[in-house]
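K.L.:
With chain A's structure known, arrange chain B on it following the hints.
Residue numbers (the working numbering), protein chains in the order written: chain A, 1 to 546; chain B, 1 to 475.
By construction, these hints were calculated from the structure, which means they are not laboratory data. Among the hints, erroneous ones may be present.
[As the list claims (entries may be wrong)] Rough simulated footprint, nothing fancy, chain B against chain A, three-plus residues with beta-carbon under 8 Å:
no., stretch
1, 154-164
2, 186-199
3, 362-369
4, 481-488
5, 502-513
6, 516-527
[Unchecked claim] Selected chain B positions facing chain A (Cβ under 8 Å, derived; list incomplete):
no., residue
7, Leu101
8, Ser105
9, Arg215
10, Arg216
11, Gly288
12, Glu369
13, Tyr371
14, Ala405
[Claimed, not checked] With a straight-line cut-off of 35 Å between C-alpha atoms, the simulated DSBU-like cross-links for lysine-lysine are:
no., chain 1, residue 1, chain 2, residue 2
15, B, Lys424, A, Lys106
16, B, Lys424, B, Lys32
17, A, Lys16, A, Lys106
18, A, Lys16, B, Lys32
19, A, Lys49, A, Lys16
20, A, Lys346, A, Lys390
Note that the coordinates shown come from a computational prediction; the quantities given were computed from them, not determined experimentally. Ideal placement from N, C-alpha and C gives every residue a C-beta, glycine not left out.
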Amino acid sequence: MIHPSQAERLASACAKVVGSARVSRATSDRHSYARDQWPRVLIGMRDGKGAPFPPDVVAWPTTTAEVAALVRVARELGVPVVPYAAGSGVCGGAAPIYGGLVIDTKPMDRILALDTRNATVRVQAGMNGERFERELNRRGFTLGHFPSSIYCSTVGGWLAARGAGQMSTKYGKIEDMTLGLEVVTGRGDIVRTGVDGRAAAGPDWTQVFIGSEGTLGVLTEGTLRLRRSPELRILRGFELPTVDAGMQAIRAVMQRGLRPAVVRLYDPFDSFLAMRHRAEAAAAAGDEGAAYVPTPPPAKGLAGRLARSLASARQRVQDTLLAGALARPRILNPVLDSLVPKLARKGCLLIVGCEGAARRTEVEARLTFAELERAGGRDLGEGPGLNWLKKRYAVSYRQSTLFAAGAFADTMEVASTWERLPDLYESVREAIGRHAMVMAHFSHAYPEGCSIYFTFVAHAPDRARMERVYDAIWSDGLSAAARAGGTISHHHGVGLSKGAFMAEEHRESMAILRSLKSVMDPDGVMNPGKLGLAAPPRLTDVARAS
Amino acid sequence: MSRHPLEPALEAAVGADHVLFGKRALMQIAGKAAGDIEPPAPTWVVQPASAAEVADVLRACSRERVMVVPWGTGSTHALHARDERTRVVLDMRRMTNVLHLDETSLVVHAQAGLTARTLEELLIPRGLTLGDFPPAALGSTLGGLLSARGAGRLTPRHGFLEDACLGVSAVLADGRTIHTRVAPRRATGPDLSRVLMGSEGTLGIITGVVLRIDRRPESRLYGAHAFPPTLDNPVAAAIEAVKRALAEDARPTAMGVYDPAALAAHYGAEAVPGDLAGGCVLVTATAGLVDLAAADLAIIGDAAAAGGAQPLGPALAETWWTMRARAYGMGYAAAAPLPPGSDARRSALEAAKLGGPGAAGTLAPVDLEVYARLDDLPRLYATGVAHIRAQGAEPRAHIGRFDSAGGILFLAGAPALDQAAREKLADVLAPLGARRARATFGDPALAKYLHDLKRELDPHGILNPDRAPPRAEAA
Numbered sequence: 001m002i003h004p005s006q007a008e009r010l011a012s013a014c015a016k017v018v019g020s021a022r023v024s025r026a027t028s029d030r031h032s033y034a035r036d037q038w039p040r041v042l043i044g045m046r047d048g049k050g051a052p053f054p055p056d057v058v059a060w061p062t063t064t065a066e067v068a069a070l071v072r073v074a075r076e077l078g079v080p081v082v083p084y085a086a087g088s089g090v091c092g093g094a095a096p097i098y099g100g101l102v103i104d105t106k107p108m109d110r111i112l113a114l115d116t117r118n119a120t121v122r123v124q125a126g127m128n129g130e131r132f133e134r135e136l137n138r139r140g141f142t143l144g145h146f147p148s149s150i151y152c153s154t155v156g157g158w159l160a161a162r163g164a165g166q167m168s169t170k171y172g173k174i175e176d177m178t179l180g181l182e183v184v185t186g187r188g189d190i191v192r193t194g195v196d197g198r199a200a201a202g203p204d205w206t207q208v209f210i211g212s213e214g215t216l217g218v219l220t221e222g223t224l225r226l227r228r229s230p231e232l233r234i235l236r237g238f239e240l241p242t243v244d245a246g247m248q249a250i251r252a253v254m255q256r257g258l259r260p261a262v263v264r265l266y267d268p269f270d271s272f273l274a275m276r277h278r279a280e281a282a283a284a285a286g287d288e289g290a291a292y293v294p295t296p297p298p299a300k301g302l303a304g305r306l307a308r309s310l311a312s313a314r315q316r317v318q319d320t321l322l323a324g325a326l327a328r329p330r331i332l333n334p335v336l337d338s339l340v341p342k343l344a345r346k347g348c349l350l351i352v353g354c355e356g357a358a359r360r361t362e363v364e365a366r367l368t369f370a371e372l373e374r375a376g377g378r379d380l381g382e383g384p385g386l387n388w389l390k391k392r393y394a395v396s397y398r399q400s401t402l403f404a405a406g407a408f409a410d411t412m413e414v415a416s417t418w419e420r421l422p423d424l425y426e427s428v429r430e431a432i433g434r435h436a437m438v439m440a441h442f443s444h445a446y447p448e449g450c451s452i453y454f455t456f457v458a459h460a461p462d463r464a465r466m467e468r469v470y471d472a473i474w475s476d477g478l479s480a481a482a483r484a485g486g487t488i489s490h491h492h493g494v495g496l497s498k499g500a501f502m503a504e505e506h507r508e509s510m511a512i513l514r515s516l517k518s519v520m521d522p523d524g525v526m527n528p529g530k531l532g533l534a535a536p537p538r539l540t541d542v543a544r545a546s
Numbered sequence: 001m002s003r004h005p006l007e008p009a010l011e012a013a014v015g016a017d018h019v020l021f022g023k024r025a026l027m028q029i030a031g032k033a034a035g036d037i038e039p040p041a042p043t044w045v046v047q048p049a050s051a052a053e054v055a056d057v058l059r060a061c062s063r064e065r066v067m068v069v070p071w072g073t074g075s076t077h078a079l080h081a082r083d084e085r086t087r088v089v090l091d092m093r094r095m096t097n098v099l100h101l102d103e104t105s106l107v108v109h110a111q112a113g114l115t116a117r118t119l120e121e122l123l124i125p126r127g128l129t130l131g132d133f134p135p136a137a138l139g140s141t142l143g144g145l146l147s148a149r150g151a152g153r154l155t156p157r158h159g160f161l162e163d164a165c166l167g168v169s170a171v172l173a174d175g176r177t178i179h180t181r182v183a184p185r186r187a188t189g190p191d192l193s194r195v196l197m198g199s200e201g202t203l204g205i206i207t208g209v210v211l212r213i214d215r216r217p218e219s220r221l222y223g224a225h226a227f228p229p230t231l232d233n234p235v236a237a238a239i240e241a242v243k244r245a246l247a248e249d250a251r252p253t254a255m256g257v258y259d260p261a262a263l264a265a266h267y268g269a270e271a272v273p274g275d276l277a278g279g280c281v282l283v284t285a286t287a288g289l290v291d292l293a294a295a296d297l298a299i300i301g302d303a304a305a306a307g308g309a310q311p312l313g314p315a316l317a318e319t320w321w322t323m324r325a326r327a328y329g330m331g332y333a334a335a336a337p338l339p340p341g342s343d344a345r346r347s348a349l350e351a352a353k354l355g356g357p358g359a360a361g362t363l364a365p366v367d368l369e370v371y372a373r374l375d376d377l378p379r380l381y382a383t384g385v386a387h388i389r390a391q392g393a394e395p396r397a398h399i400g401r402f403d404s405a406g407g408i409l410f411l412a413g414a415p416a417l418d419q420a421a422r423e424k425l426a427d428v429l430a431p432l433g434a435r436r437a438r439a440t441f442g443d444p445a446l447a448k449y450l451h452d453l454k455r456e457l458d459p460h461g462i463l464n465p466d467r468a469p470p471r472a473e474a475a
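Just chain A, same shape as in the assembly (with noise of 0.2 Å):
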């Protein structure tokens, strides 16, 4: 927060820029801005106080200019920027910790110019992602980004925070689609990337600001790169017996040169989870997928009300005895472990897809399906990959039961070249499991390495217990995924959560980090306290002094 007579100014100092019916100091904006999807958030606000961190000014510009004016404004007065959008990110890398001006760019959502002929596209950083894609569909084309948080996230938020779509393995992360960048730096300058394209001397401004997550500057712009709308779609499931063997199997695959859009391992209790789910939703629907969905036998006991509890969320998680167990984690993992195999009588469920014009997309499937094949999967046919494929975007909207229940779930992406991947697993596995229930999935391969995407579900029986819960489980997690050479994060960004292992992750680089910082935003007027290059204040200092 910043002085009530500093904010006065920097409100009257916005509107002079975009008008005064474009700038709030009301509470209720404030409060919708003071906050992302980070779950330590939504942990500490289940006792139905406010979001931590309301800025003191919200300001909805329309043009890149007026963007840049406010930014100069800003920095003129000394006060924080934090570039808001969708809010959907799940690091805290948009709240506003230290106050100041939130600048948020949803109003600039338009397609700026789409390029048929050469299939790129220049759109403004706060299009919608759904909306975006339908769009491109209309014209024939697919930018090929789906994260799961499609429907609540924008362009500019998949820029500032590297993100990645569940078809990355095709058409890469969004680093890999972007051709260039519009950029308020935080000196208030506007700057353009990829100009004169691979023909330029110096450093590659694009992957630069991508991943800068708004300290560098606000992203205003992107031109990106296109796919024509796939003319076939071809979508498997195998069953892989092991973890092992399908991490072998997926590499076989990337390391033939094939490029399947979708890859996704589930461990073993994942699969469980992620087949009894599809069983369900195929029944429910009718599906004539569901015939070659494997059905495990109803569950019983602790293992099947946990997966029917995550997995539908239809149950509340009330019961005494399964709080009881996620609060006994070192007890519970082993447990499952155990169980699952027996209950589901199955190994590792493993989904992939290939789509894109029909002529290589028809041999391509046909290879990767006898690459698998090869390598010990057994062909499942396309019902768990249909049924993936209607529910993909579901899984996180499904979270908030186990939230209202009293639990708290969250996820971590974490990858790395595949000779350190196995360890990888274990020892990522291992650290969470000391705290929390925890699967996993593989997904986002490379001919060199692939992502790990951990689900953990905790519980305890207050609120600073949970947060201590919480904590340990991201400090000893991520300390194990650098011990293990992995990355600390794939897609999801750093934002709060992961900004005290940026050190580690980065070593002596941080110094380059650093210098880019102190040329781009020399007064640190720009999100403040992010990506590590910093220290934030101490969250509950913060939180309660709100």
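P.N.:
Just chain B now, with coordinates in the frame of chain A:
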């Protein structure tokens, strides 16, 4: 004459045997490129063997405010030893160790002084390869390749060379050593290795690189298509076919569009199909799993046919692919894949190095190469060829190094254009969208940021000041 205070420190860093002085030293590493003059200021050539030695050298130079110029094979810039600044030329070519070869992940960590070609020679017997990058690029050191961005170092099959780089090790001006850590992808802030890549040694000296590699493809297939002069604009039709094939997801190893004069000059008069005067040829090589390579070839063939081209069969493209590799001493890379470690592979490797059927050939010289967007290439081709002809030379041109955004136009005249004529040609083409490699630093508004970043990382301005962005852009 008393010794310069720097010299003992340099000798302590790398050993006296690896500190050379003056004109002879420059001539020794750079030949004629060094110019046959005694440098006006003290100049050393220092040959470190490790990142730690580079760090010691930089610390000493930083202390004495002596400028440091990294040197690899000298493929991208000359040694300007004509000004008054005391300098150390950092000859990286002793740093040739492979530090780690991870055959599980297909990742190699090598010192920056190793040339890409030497690395490829180490990989081939293991059934591995850097990828089908243009052989012309592979004679440079890995550090040089990644320090200076090259618009044409790509293949649709493997992408850009920079994209294959998963991390770098570097030494900053004050001797701090950094290693960007390796992950397939990450979301932990800006890509810090991309700050050093492309900065041509002005922000730090790259001492090691981590590269993604690939397995040798199990097949190579070739195709060629003639776009006859009866078409409205044969070159435009060929470029359109390239664009269409890439949009259909084809991932060939390489594609090239040649006019008849370029075909004859590079591959002999017998390579030119009859009746092609005024037309052009699209040559293609694909690789990988047989069915996938065949699909790629068919997609490109259909795209060419849709543009009015006639199929020519694989022979011309095979000649093009093979000679192109042999011209740069990489005949073995072009050869049909063989089981790793086999006698046949070894002898192919030997033949490529020592002479015989796979030995180095030569290609015709190129006078100017420019990068442009695909849509601009047909007009640039027509304008360039007409301009060369108007200067009284017989023009020849080919276009290659395509991705979905652009390609490189290679122009030459017979007789060859002199330096002034090349500059004139570049000036004529620039307004039509032609860009020479590294001729600009992108948006001029970013120049001051690059200057300030340099000041942050290299406060005394010792690192390769010749390649810092020009003041005019910074103003």
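K.L.:
Hold the hint about Arg216 of chain B up to the distance rule: shortest CB distance to chain A must be less than 8 Å.
P.N.:
This hint is violated: Arg216 of chain B lies away from chain A, its Cβ roughly 11 Å from the closest one there, beyond 8 Å.
K.L.:
Under 8 Å, Cβ to Cβ, is where Arg215 of chain B needs to be relative to chain A, so tell me if that hint holds or is violated.
P.N.:
Status holds, d = 6 Å.
K.L.:
Hey, Lys16 of chain A versus Lys106 of chain A, does the alpha-carbon distance stay inside 35 Å?
P.N.:
holds (20 Å)
K.L.:
Between Lys424 of chain B and Lys106 of chain A, is the straight-line Cα distance small enough, at 35 Å or below?
P.N.:
The hint is violated at about 48 Å.
K.L.:
Cut-off 8 Å, C-beta pairs, minimum 3 residues; does the coverage of the stretch 481-488 of chain A by chain B stand?
P.N.:
holds (count 4)
K.L.:
With a C-beta cutoff of 8 Å, work out whether three or more residues of the stretch 502-513 of chain A approach chain B closely enough for the coverage to hold.
P.N.:
Our answer is that it holds, as 9 residues pass the Cβ test (under 8 Å) against chain B, meeting three.
K.L.:
Does Gly288 of chain B meet its interface restraint, that is, does its C-beta lie within less than 8 Å of any C-beta in chain A?
P.N.:
holds (4 Å)
K.L.:
Does Lys32 of chain B sit within 35 Å of Lys424 of chain B, going by the straight-line distance between their CA atoms?
P.N.:
Holds, because 26 Å separates the two Cα atoms, which is no more than 35 Å.
K.L.:
Counting residues of the stretch 516-527 of chain A whose CB is closer than 8 Å to a CB in chain B, do you get three or more?
P.N.:
holds (count 4)
K.L.:
Given the proposed pairing of Lys49 of chain A with Lys16 of chain A, does the C-alpha separation stay at or below 35 Å?
P.N.:
holds (34 Å)
K.L.:
Can you tell me if the stretch 186-199 of chain A counts as covered by chain B, using C-beta to C-beta distances under 8 Å and a minimum of three residues?
P.N.:
holds (count 11)
K.L.:
Given Leu101 of chain B was flagged as interface, is its beta-carbon under 8 Å from a beta-carbon of chain A?
P.N.:
Violated - the Cβ of Leu101 of chain B stays beyond 8 Å from chain A, reaching only about 11 Å at its closest.
Comparing the model with each numbered hint stated earlier shows that hints 7, 10, 12, 15 and 18 do not hold.
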